[in-house]
Amino acid sequence: MPELDQTYWERFHRLGISRRSFLQFCTLAAAGLGLGHEAVPSIVQAMEGKPRIPVLWLHGLECTCCSESFIRSSHPQVKDVVMSMISLDYDDLIMAAAGKQADAVLEEITSTYKGRYLVAVEGNVPLAEDGMYCFIGGRPFGEILKEVCHDALAVVAWGSCASWGCVQAARPNPTKSVPIHSVIRDKTVIKVPGCPPIAEVMTGILTYILTFDRFPELDRQGRPKMFFSQRIHDKCYRRPHFDAGQFVETWDDEGARKGYCLYKMGCKGPTTYNACSTIGWNDGVSFPIKSGHGCIGCSEDKFWDKGSFYSRLTDIQNFGVESNADQIGTAALAVAGGAVAVHAAATSFKHMRDKYRDEGGGGSGG
Amino acid sequence: MGLWRTESREPLGAGASFGPEGIEEEEYAPQAGETIYVHEAPVRLWHWLNAACIVILVVTGYLIGVPLPSTTGEPSEWYIMGYIRFAHFAASYIFTVGITFRFFWATIGNYYSRDMFYFPVWRRSWTNNFMRDLRWKLLLTDQVPCGAGHSPITRVAMVGLFLLPSLFMIVTGFALYSEATGRDSWEHHFFGWIVEFWRNTQDIHTLHRLGMWVMLVFTVIHIYMVVRDDILSGHSVIGTMFSGWRFFAGRR
Numbered sequence: 001m002p003e004l005d006q007t008y009w010e011r012f013h014r015l016g017i018s019r020r021s022f023l024q025f026c027t028l029a030a031a032g033l034g035l036g037h038e039a040v041p042s043i044v045q046a047m048e049g050k051p052r053i054p055v056l057w058l059h060g061l062e063c064t065c066c067s068e069s070f071i072r073s074s075h076p077q078v079k080d081v082v083m084s085m086i087s088l089d090y091d092d093l094i095m096a097a098a099g100k101q102a103d104a105v106l107e108e109i110t111s112t113y114k115g116r117y118l119v120a121v122e123g124n125v126p127l128a129e130d131g132m133y134c135f136i137g138g139r140p141f142g143e144i145l146k147e148v149c150h151d152a153l154a155v156v157a158w159g160s161c162a163s164w165g166c167v168q169a170a171r172p173n174p175t176k177s178v179p180i181h182s183v184i185r186d187k188t189v190i191k192v193p194g195c196p197p198i199a200e201v202m203t204g205i206l207t208y209i210l211t212f213d214r215f216p217e218l219d220r221q222g223r224p225k226m227f228f229s230q231r232i233h234d235k236c237y238r239r240p241h242f243d244a245g246q247f248v249e250t251w252d253d254e255g256a257r258k259g260y261c262l263y264k265m266g267c268k269g270p271t272t273y274n275a276c277s278t279i280g281w282n283d284g285v286s287f288p289i290k291s292g293h294g295c296i297g298c299s300e301d302k303f304w305d306k307g308s309f310y311s312r313l314t315d316i317q318n319f320g321v322e323s324n325a326d327q328i329g330t331a332a333l334a335v336a337g338g339a340v341a342v343h344a345a346a347t348s349f350k351h352m353r354d355k356y357r358d359e360g361g362g363g364s365g366g
Numbered sequence: 001m002g003l004w005r006t007e008s009r010e011p012l013g014a015g016a017s018f019g020p021e022g023i024e025e026e027e028y029a030p031q032a033g034e035t036i037y038v039h040e041a042p043v044r045l046w047h048w049l050n051a052a053c054i055v056i057l058v059v060t061g062y063l064i065g066v067p068l069p070s071t072t073g074e075p076s077e078w079y080i081m082g083y084i085r086f087a088h089f090a091a092s093y094i095f096t097v098g099i100t101f102r103f104f105w106a107t108i109g110n111y112y113s114r115d116m117f118y119f120p121v122w123r124r125s126w127t128n129n130f131m132r133d134l135r136w137k138l139l140l141t142d143q144v145p146c147g148a149g150h151s152p153i154t155r156v157a158m159v160g161l162f163l164l165p166s167l168f169m170i171v172t173g174f175a176l177y178s179e180a181t182g183r184d185s186w187e188h189h190f191f192g193w194i195v196e197f198w199r200n201t202q203d204i205h206t207l208h209r210l211g212m213w214v215m216l217v218f219t220v221i222h223i224y225m226v227v228r229d230d231i232l233s234g235h236s237v238i239g240t241m242f243s244g245w246r247f248f249a250g251r252r
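Line order of the protein sequences matches chains A and B. Residue 1 is where the first sequence starts when you use our numbering, and the numbers rise one by one after that. Residue 1 is where the second sequence starts when you use our numbering, and the numbers rise one by one after that.
There could be a bad hint or two in this list.
Unchecked claim - With a cut-off of at most 20 Å between alpha-carbon atoms, the simulated EDC-like pairs for lysine to aspartate or glutamate come out as follows:
no.	chain 1	residue 1	chain 2	residue 2
1	A	Lys176	A	Glu217
2	A	Lys290	A	Asp326
3	A	Lys264	B	Glu74
4	A	Lys350	B	Asp142
5	A	Lys302	B	Glu74
6	A	Lys258	B	Asp229
7	B	Lys137	A	Asp354
8	A	Lys258	B	Glu77
9	A	Lys235	B	Asp184
10	A	Lys350	B	Asp229
Stated by the list, open to error - If you want a taste of the chain B side facing chain A, the calculated C-beta under 8 Å gives, among others:
no.	residue
11	Pro75
12	Ala87
13	Arg124
14	Val220
15	His222
16	Arg228
Just so you know, the hints here were simulated from the structure itself, not pulled from any lab data. Because the structure is a prediction, the values reported are computed rather than measured. Ideal Cβ placement from N, Cα and C applies to all residues, glycine included.
Just chain A, with the same shape it has in the complex (with noise of 0.2 Å):
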C-alpha cells in the first residue's frame, strides 16, 4: 500500500528523485500549463506542502493506448515524478498486485477517501447485453465504474473511448459502448479526448487538479479550455500554405514534397481541438501534419463516422449511397434546373396551343 499522507515532495525525496529534478519538474508543469515563471514557487509550495491525492485508473472497453501515450510523458523525470506524484492506487495494467489484492486497493481507497479521490477512467462502457462485453473480475464493467465514481471527486474520462465512445462507438456500435458522461451523470467529467491524449496534456490537467486544488475551466462539451480551445489549424505550421492557397493535391507531388497544406488531402485540422499542432508528440518532435500525413481529427466526437480521412467534405450516409454536400446539392441543382426546364417548356407548348386554337377559331381556350 502507499502512504497516502506524504507529500509529493516527499515521495519524490524517498524517490531518490533530486531536489534539482525537482524544482525542474515543477518549472516545466508551470510553463506546460501556461503559467508564468512567477506561478513557480506556488507549484512548489503545493507540491511539498499538500498529500497526494489517490487516483484510480479504470480501464474498460480499450486498447490502452491512452496509457502508453501516458507513459511516454516527454521530459525524463517527468514521467517518473508523474507516476509518483499522483497516487496511483489502483490501476489494473501496471500495478503490482493483482486478482484480490488488486480488488482490495479498490475497496479501501473509495471507503478510506471518500469524496478526496479521483478516478480516470480509460475506455468506455458498452452496455449491450447487460454489459457482457466487457468483464472485469467477473462483474460487467460498467457496474464497477458506477461504483467506484460514486464517492470520487471527479472523474477523468481519458482518450477518445471515455470521452466520446470512440471506434467502439462508430456505427453500427455492436456492443452499445456509451462515453463515460452518460453513465456517470452526477459527476464532474473531465474528457481529455484524444486517440490517445497527448501526454503532456494528461500530466498537464493531472498537475493543475492537484496543485491548484481545483479543476482547470472547461468548455461547454467538458474538455479543457487551456489544451482544447484551438484547432490544430489555428495554430499549424502549414498555416501560411492554407492562407496563401498552397495545397498538396495528390501525395508525393511537388506540394507534397515542398510541405503544402493538406486541407485537399481531407485534413480534419480545421475541426479538431487538440493541442497537437503547439504540443506535439514523442517529446514534441512531431506530429500527424508535420509527417506529412493530416489530422484525422481524433479527439473528436464520432470521427471514425465522418467519411474518409481523405476528403475534406464528409459522406452523407443517409441516403442509402454515400454521396457528399456537393454530390447531393449538384443532384438538388439539376433536379430544379431540369424542372425549371420542363415547366417553361410545358408553359411554351400550352400556350402556343391555346393561340392556335384560338386563331383557329373556336377553340375552347382551356
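The hints should help you fit chain B onto chain A, whose structure is shown.
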C-alpha cells in the same frame, strides 16, 4: 408585349387575387392600367444588396470547400484563400445585417414588405388562393392569379426556401466563424452552442454546404418564376424591383 400573351378569356383578376390586408382579398382586383407602389426603396436596395451577397457567398463558399488549384512559389507572395475567406466573411456580415434590417423593415414598412415573412394558412381566402395559384403553376388553368403582393406559393417558398435557409446559414455560419475567432469571442458566446449541439464541427461544415446548395436551388427557381411571371401574369415583376411600382397592363 409578351411572347406568350394570349387572348383575354376572363376579366383581369378573375383568378385568385391577393391584396393588402384589410381588403377582402378575393374581392380586390387590380384594374388594367392601375399602378400600385409595392416595394419601398429600402426593400429594393436590400433585395439587390442581398442578391449580390448571395452571389459572393456562394462563389467564395464553394471555393472554401473545394479550393482553387494550388499556387506555387513563396507563400508570402500569395493570399488567395485569405482573400476568398475575407470576401466570404465580409459578405456574410452584410448579408446578416441586411436580413436583420429587412426583418425590422417588415415591422414598419407597408403591407408588401411583410407578406414574404409568413403565410396565413389560417385564412380561408388565402388557402383558396393557394389552390388557384397551384393550379395556375401546374398549368391546369388559364386563370392568372393576379395581385400586387407575393402570390401564395411564392410566400411559402420565400419562407421555406429563402428565409429559413438564410437564418440557418447565418447561425451555422457564425458558429463556424467562431471557431476561428476563438472561445472568448462574441461569435462563440452567441453561436458556439451550435458547435456543441452537433459536437463534431465537421457536421456543421457539411450542413452549411448543403445550405449553400439550397440557396442555389432557390435562386434558380426564383429567377425562373420572376421571368415567367413577368411575361405571363399581366403585371410588372422585374421592373417593380427596380422602380417599386407594380403596373397592371391588363390583358387587352
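> Of the hints given before, which are not true for this structure?
Replying inline: Those not satisfied are hints 1, 2, 5, 6, 12, 13 and 15.
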